[in-house]
Amino acid sequence: MSIRAGYEIVSIDDLDRYPSENGTQVLLPVRRRLGFEPFGVNAWLGREAGDHVIERHREPQGPEELYVVLRGEARFTLDDETFEAPIGTLVHAPPGTLREAIAVEPGTVVLAMGAKPGEAFTPSPWEDFAVAFGRLRAGDEAGGREAMNEALARDPDAWQGAYNAACFEAQAGNDDAALDQLRRAVAAGGDDVRAYAESDTDFDALRSDPLFREALS
Amino acid sequence: MTWTTVDELDAVTLPDGFVWRPIRRRFGIKAFGVNAYTAKEAGGRIIEEHTEQALGHQEIYLVLRGRARFTIDGTEHELGPGQMVFLRDPGLRRGAVALDDYTVVIALGGKPGSPHVVSPWEAMFAAAPAVERGDWDEAVKIHQEALAEFPKNAALLYNLACIESLAGRSLDSLLHLERAVELDPKLARRAQADPDFDALRSEPAFPA
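Chains A and B supply the protein sequences, listed in that same order. 52 is the number of the first residue of the first sequence in the working numbering; add one for each residue after it. 103 is the number of the first residue of the second sequence in the working numbering; add one for each residue after it.
Don't take every hint at face value.
Quick list of the computed label-pair ranges, beta carbon to beta carbon [said to hold, decoys possible]:
| hint | chain 1 | residue 1 | chain 2 | residue 2 | range |
| --- | --- | --- | --- | --- | --- |
| 1 | B | Thr106 | A | Pro111 | 21 to 27 Å |
| 2 | A | Ser175 | B | Gly182 | 46 to 52 Å |
| 3 | A | Ala209 | B | Glu251 | 55 to 61 Å |
| 4 | B | Ala230 | A | Gly86 | 30 to 36 Å |
| 5 | B | Pro214 | A | Ala193 | 27 to 33 Å |
| 6 | A | Glu197 | B | Trp223 | 46 to 52 Å |
| 7 | A | Ser71 | B | Trp223 | 35 to 41 Å |
Residues from chain B that keep clear of chain A, each with C-beta distances beyond 10 Å, as calculated [to be verified]:
| hint | residue |
| --- | --- |
| 8 | Gly197 |
| 9 | Leu210 |
| 10 | Trp223 |
| 11 | Arg235 |
Computed footprint of chain A on chain B, listed as stretches where at least three residues anywhere in the stretch have a Cβ under 8 Å from a Cβ of chain A [claimed, not checked]:
| hint | region |
| --- | --- |
| 12 | 106-120 |
| 13 | 172-182 |
These are calculated hints, taken from the structure and not from any lab test. Quantities reported herein were computed from a predicted structural model and do not represent experimental measurements. For every residue, glycine included, the Cβ atom is placed at its ideal position computed from N, Cα and C.
For reference, chain A alone in the conformation it holds in the complex (with noise of 0.2 Å):
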């Protein structure tokens, strides 16, 4: 790593590694790394074969976005059409497209860029959620809640921010303060929240809690 005045240099190996919740794709956020404000960038890694690189989504309202296969190779679907994607190929995906991505070698590594067009680029919080949680169960609890700081300081009225942070907190094992998240989240959010934390395996161990049945009345 090099910090000069004005630029920096980095390698992909320098970056910080959150392995996802529920896929195998482990993030490795470049935009956040370096602070660069244009557009959305970072790499993801299938560490062995098999394992999603880019998980399987669809962005309808969503950002258009470019996939470069950096390192190894990927089984790219974008909606009915399957491909081998070694390095080098550039895959785009309209905002709509369904797209997904197989790691074909272990260490695969692909490069996303996205943005919505016509529309000046805000970071989304989902970077610093995804930061947060990945901090979590690394063992980082501290590091996470700062992560998950800076995304709620960023938005603090959206009732995305607060509900993640009491899932955050309920998966840190904090009840007291996952309940008082949680409170704020309905407040901003309202039913929205109430269907979401229902169902929301998080909350598992607090559902029985009535201070739970409390906090989204």
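Since the structure of chain A is already known, use the hints to place chain B on it.
Leaving out everything else, chain B in the frame of chain A:
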């Protein structure tokens, strides 16, 4: 088609010797700027020496394959596959030379806080092969397409006027040059010294 490989992208050799591999243009991406660059051979230029002062862009250059020697603000850095340089300051002078025949650099760029606007240099780069072979119709067409989207872009109008002057289309050239100078008066002085306008400089309508 929604996917390709860097080796299948168009290869546009620019006068400075580096090879532009348009990615954004290939897919019609509107939300961000992204291109690849290669060199004609090891030791050849792969990223032209420039600053981003005019556009105010932040940039990331990522080495996809092979090695490249970057010069950033006068300091040399050799970068290999998976390494990237992030230039936060648009005013820093940057450029790179390929150290392998097969080096590929991916360039990402945009202006913080603004919706992405396609850089006018993309049309100028895209028209370079047509200009080189004297295919004026094609070079003019590429510029007109870009101007349909950005009618008030002085650099595009100026470049179009250069091409029309070289093509002997004096009236078109003077019209577009006049419009370019209206939008950016500094271009009058540049036109005075630009050999592309040698055939037109004595015309009464040529901007003083």
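Taking the beta carbons of B:Thr106 and A:Pro111, is their distance inside 21 to 27 Å?
With a Cβ separation near 25 Å, B:Thr106 and A:Pro111 satisfy 21 to 27 Å, so the hint holds.
Please verify that the nearest CB of chain A lies beyond 10 Å from B:Arg235's CB.
holds, 27 Å
Using the beta carbons of B:Pro214 and A:Ala193, state whether their distance is inside 27 to 33 Å or not.
Holds, at about 30 Å.
According to a criterion of three or more residues whose C-beta lies within less than 8 Å of a C-beta of chain A, is the region 172-182 of chain B covered?
It holds: at least three residues are needed, and the region 172-182 of chain B offers 5 whose Cβ sits within less than 8 Å of chain A.
Beyond 10 Å from every chain A Cβ - status for B:Gly197
holds, 13 Å
For A:Ala209 and B:Glu251, compare the CB-CB distance with the range 55 to 61 Å and indicate the outcome.
At roughly 35 Å between Cβ atoms, B:Glu251 and A:Ala209 fall outside 55 to 61 Å, so the hint is violated.
Can you tell me whether the CB distance of B:Ala230 to A:Gly86 sits inside 30 to 36 Å?
About 34 Å separates the Cβ atoms of B:Ala230 and A:Gly86, which means 30 to 36 Å holds.
Holds or violated: the region 106-120 of chain B covered by chain A, criterion of 3 or more residues with Cβ-Cβ distance under 8 Å?
It holds: at least three residues are needed, and the region 106-120 of chain B offers 5 whose Cβ sits within less than 8 Å of chain A.
With 35 to 41 Å as the target window, see if A:Ser71 and B:Trp223 comply at their CB atoms.
holds, 38 Å
Could you let me know if the closest chain A CB is still more than 10 Å away from the CB of B:Leu210?
Label violated. Min Cβ-Cβ 6 Å, cutoff 10 Å.
So does A:Glu197 sit 46 to 52 Å from B:Trp223, Cβ to Cβ?
At 41 Å between Cβs, range violated.
Status of the given 46 to 52 Å range, CB of B:Gly182 versus CB of A:Ser175:
violated, 31 Å
Of the numbered hints listed earlier, those contradicted by the structure are 2, 3, 6, 9.
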